[in-house]
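Student: Use the sequences and the hints to build the structure in full.
Residue numbers (the numbering used here), protein chains in the order written: chain A, 1 to 812; chain B, 813 to 1057; chain C, 1058 to 1300.
Do not rely on the hints blindly, as some may be mistaken.
Pair by pair, the computed Cβ-Cβ distance ranges are [stated by the list, open to error]:
hint, chain 1, residue 1, chain 2, residue 2, range
1, A, 410, B, 841, 52 to 60 Å
2, C, 1296, B, 889, 48 to 56 Å
3, B, 996, A, 410, 31 to 39 Å
Here are some of the chain C residues that sit facing chain A, going by a computed Cβ distance under 7 Å [what the hints assert, rightly or not]:
hint, residue
4, 1078
5, 1156
6, 1176
7, 1180
8, 1181
9, 1185
It should be emphasised that the hints constitute simulated quantities derived from the structure, not laboratory data.
Heads up, the beta-carbon is just placed ideally off N, CA and C, and yes, glycines get one too.
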Amino acid sequence: MRPRWRKVMHDLMDNTARTLLVVFSIAVGVFSIGVIAGAYEILQSDMGASYASNRPANIDLRMADFDEDVLQSIRNRKDIEATEGRRVFNVRVRVPGSGKWSTLDLVAFDDFEANQINLLLPIEGKSAPEKKEVILERDALDDLHDVKPGDPLEFEMPDGSIKTLPMVGIVQDPATGAGDFLASPFGYITRSTLPFFDQPEEFNRVYAAVTTGGDDERHIHEVVNDLKDRLEKNGITVIRTRISLTHEHPLTDTVNAVLGVLLTLGVLIVFLSSSLIANTMNALLNQHLRHIGVIKLIGGRRRQVLVMYIVLILGFSALALLISVPLGGQGAYGLALFISDQLNFNLLGYRIVPLAFTLQVAVGLIVPLVAGMFPVRNGSKITILKALSGELGRGEGSSGRGAAKVQLPWFDRIQIRFTRMLGKRGIHIPRLFIISMRNTFRRKSRLLLTLFTLTMGGAIFIAVFNVRVTLHDYINAIGHYFRADVTLDLDYPYRVSEVEQYAVQVPGVERVEGWQFISAELLYPDETAADNINIFAPPAESELISPILIAGRWMQSEDVRKLVISEAVLHLFPDLKPGRPISMKVDGKVEEWEVIGIFKFVGHEGMLGYAPLEYISKVNNLPNQSMSYRVVTEQHDRLSQDKTAELLDRFFREHGFSVRKAESGLATMDIAVESLDTLVVFLFIMAVLTAIVGSMGLTGTMGMNVLERTREIGILRAIGADDRAVMRTVIAEGILIGMISFGLAVIFSVPITYLLSRIVSLAVFESPITTVFTYSGYLIWLGLVLVLSAIACILPARNAARLTIREVLAYE
Amino acid sequence: MDSNHRPMIEMQEVVKTFKNAAGEFTALRGVNLCIEPGEFISIVGKSGSGKSTLLNMITGIDHPSKGQVVIGGKDIYTGVTESQRSRWRGRNLGIVFQFFQLMPMLTLVENVMLPMDLAEMYDFDERPERARGLLTLVGLEKYVNKLPVLVSAGQQQSAAIARALACDPPLLVADEPTGNLDSKSANSIMDLFEEQSRRGKTIVMVTHDPSLTERTSRTLVISDGLLVKDSRADLDQDKGKRKVS
Amino acid sequence: MHGSINEDHRDNPIIEYHKVVKTYSTAAGDFDALKGIDLEVKRGEFLGILGKSGAGKSTLLNMLTGVDRLSSGEVIIRSNGHDISVHNLEEDELALWRGRNMGVVYQSFQLLPMLTLVENITLPMDLCGKFKAKESRLRALELLRMVELEEHANKLPSHISGGQHQRAAIARALANDPPILAADEPTGSLDSVTAEVVFGFFEKLVTEQAKTIVMVTHDDGLAGRFSRHVLLSDGEWAPENQT
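Tutor: Here's what the structure looks like:
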């Protein structure tokens, strides 16, 4: 090998700590880009593909009970490829012996072997139950711990008695209920098992796939509307319809938005890592000035020097890519796997994503080159005299006759003037601290780059905490929709006064409110169905709900055909405003209602509305009756809520009520906001990554600073500084940098918080939410930055203290 | 022994061997030396003769491979850590280097205060006054608040001498203090040393310029790691004899 | 003692200084390190420049190597048939020219610590492209044999002694077979025995290879061993100087 390349090779390997620092700085950025881009690509293709592979129903009709003939008539319709009728009902289940009941949606299949839609994927045990056997969707295991195929499960019958069935298998059902966070987990039985649960052997669900155009929303809508019309003409009520596209997972938009947030942070990390690289290259070039001088002395030209150092940078890049590309690929798949697992779909297997790979290589090569170009260009310009006099002169008076004529930078002048001013007033700063202080500002570009990384790391860290609180604050606001301590749902309407009478007998219950509910269809101006809307009907004066209104007013008891709509409705009708009319099919009749207000809710919960009980009870023709009750208890904590729910459930069953479920308000809310925690965890991981990059920057800087000041440390030693004094000087400098960056991070965290919380809330709630700040992020970062900067200095400081003076000052 | 008459520096059989990949190199091959308080010593020798190594043995900057160095009655190597030696040095001797070695980020007066801070000598509020006084002594009263880069080499060296005097040590050690100065500046630096010698400081100076030896009270010549000539050898011997008798 | 390199330039001095002035701006005012130096060096001369530290010797040499820029005057070098005014060359031209025409040796050796001796010596050939890669290595080994370091060819500089360092540095200075060598206190950090060996090599280069050597030293004892010596004092020729 030619000697100049030998030198480059050597420079690459010779200082392990420095090489690691550069390589790791590059690798962090390449890794995060790789993870996010890879996960994005994998999810993008697999989410749809795996969803499609389970043959999701394009049409999901929730209907009143119907029989084989009706199903057959649907099957015979053109455009329908496959249709399955199923019966879905709610049942409570528990592991024998354990006290805790959980709710299960049991799905009765006509024929497991002939299953064509919403395919079940076997996981463990049987994937098709026999008569009087049950299999579970894997999500059900979250509530039913340690149940294995073959174990018995206890089911509660409507009359309160308990029956036992064996659980024979676990399956995954990625299609049914995909994207519906509020859905209960599923269990599956054969139709022949229905009588066992006192259920009629009839269907109440239709799952159908269209022959063509499974990804054409318009087309599916037409088919559904046509279907509904015909069914309703035959006197069969369709309670709710849902359509989905074959190749698009219902949560695609949410996942993409979340990945978008992560991508933003990933790009930021690349930025931070590039400033780290620039810093380290700068220091490396400083250490190499003498070598550059020698090379020029013996005939090397600037271009040759430039090329040598560019090759060196490429070498660092190659090493970083070697680490970060495989790791990034793994990380991408890991992230995709985690998300897919959370959202219950499957990936198509590990693979290298070409786009992510290309992106990683490009980032890994280009970013270091750009970051390193400036120091390398400057370094290659050094004159031989300067380069060699660094050693020949061994000091400031390198020309041998005292300093060259220098003009002090304004910043240094101010620093000195400031200490002098204090001195004149009798305030003297210990000189060791002056050294730390002035050293801090000595290499200004390095300081700026270090501050940039550490500040951004800190600002993002703080912002993530703020966003977390913002989300939780919003969740709390959402909680105002669930103010009742317990929701008691019954299967049939009962007289409100009767329910009240019983409820107050349950210990802890204060009062009860009966709500009603109506399902309607939102219509486009041409009277085709746009979507379903669920309208809740609490008493107008109810205190158990306090909505987040963004426009208009809340309902009043005298409102007739007026409703408050959720923001989600605006996605269908962007021009809706309070006072505008909206067409709905209510109870089979097309009516015009008036929008009186718009409220905010979790975006993916679909179309919701509120109208006063006073009016809806007339529409339902159920005066003074109700199926759904809101209960207020004396205590409002989760534990007593759960306990009262349990007591209510038992008490009402014992007295012959047909109870669907009794659930505490906080539990309902928990389910609604579960997905947010995952997001916060991701944000937190990114925050930690940026913090790591920031503190790496500080460690690197302190290492370089100490290295460049070995001579000065030697002087300190020579004039009487012991180990402690040397270490104190170095650590004080690190902490000073840490504190400055903290101050800046506090400032920068504000815009970053706003930006991040806007992006996140748009992703999750599909609408911006009010940003909230918390001191906890600031405090934690303050503590962290102090600890980090102390740690970042300890190693360099200890090395500094260990240097013997002879090494530093003497050459003979 | 009467402590008033104990020597300032006593070196016994001091050997220093450097090891590197190329093998061993013995820089000092058994040096014996006794310097009395108040002497102004010049150590001369060619480059490579071991004179700087010898000086490093006195300042505690390096440590001997063999032998003993006692300064002001204290064995500075046996059972003393590097850190403790630094502290001792700060309080007991002042060093002047060929390349001045002022802290570049501190003004001259701050540079002079620094050893007092490190040694925790003099009251905190007294230090600025004392530093100013020392700078006046070396003729730098106009430059107290200047950074080292803003003054000439000669002035830097004067400031370095003021710094060496900060804690009022009995012993000053200088390594080629005029080696990087033009002849005029070199002269004024020598004047400063002479003045300190008159005030009773013990001064040990290494130089390769034989012309400077005329201004010192005693000259030691070192060659290839051994003291080969001592201008006071006869005198010392006489003294020794007198002491014995 | 005079070899013949270039017959037609035989009588012209190889190096000429014309009224070379070098002024440094310092805090204490302008300082003239060189006060209008005239100097001629003949082909094959072994010129010693003597003087105390601070006299301006190194500055004088830096004007020859082009490592430092002069304030006024001119330095002309006649080598390989061309008259070159050193200070009219651009930086890169100068580097290439110096690499091919002038070997420089410093007191502090300046070998690259990460390269073996043979690589250190191959480097100037690599950079200047005067010899092919294979040829370069053979030539480097040849030069190492000349300075009696062939058995250390594959050692790193840290594994050899100071004297060996300087011999390797001399070998490196000869890599591109330059007619001129400039040496700044080459024996300054060596003990007397080693210094003698190193000085011996310089003498041999003049007598056996007809190189022109300009050496700066503060060691008066060496004065008699140059073919000619000049004394510099405070940036001027000393009065006792016969030149």
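Student: Under the criterion of a CB-CB separation shorter than 7 Å, is residue 1181 of chain C in contact with chain A as hinted?
Tutor: holds (4 Å)
Student: Per the CB criterion, is residue 1156 of chain C less than 7 Å away from chain A?
Tutor: Given a least distance of 2 Å, the restraint on residue 1156 of chain C holds.
Student: Does the nearest C-beta of chain A fall within a distance shorter than 7 Å of the C-beta of residue 1180 of chain C?
Tutor: holds (4 Å)
Student: Given residue 1078 of chain C as an interface hint, is the shortest Cβ-Cβ distance to chain A below 7 Å?
Tutor: violated (15 Å)
Student: Tell me if the interface restraint on residue 1176 of chain C is satisfied: Cβ within less than 7 Å of some Cβ in chain A.
Tutor: Constraint on residue 1176 of chain C satisfied, holds at 4 Å.
Student: Does residue 1185 of chain C hold up as a contact with chain A if the rule is Cβ-Cβ below 7 Å?
Tutor: holds (4 Å)
Student: Tell me if the beta carbons of residue 996 of chain B and residue 410 of chain A are separated by a distance inside 31 to 39 Å.
Tutor: Once the Cβ atoms are compared, 34 Å apart, the range 31 to 39 Å for residue 410 of chain A and residue 996 of chain B holds.
Student: Is the distance from the Cβ of residue 1296 of chain C to the Cβ of residue 889 of chain B consistent with 48 to 56 Å?
Tutor: About 50 Å separates the Cβ atoms of residue 1296 of chain C and residue 889 of chain B, which means 48 to 56 Å holds.
Student: Using the Cβ atoms, figure out if residue 410 of chain A sits within 52 to 60 Å of residue 841 of chain B.
Tutor: Check passed, 55 Å falls within 52 to 60 Å.
Going through the hint list in order, the structure does not satisfy hint 4, though it satisfies all others.
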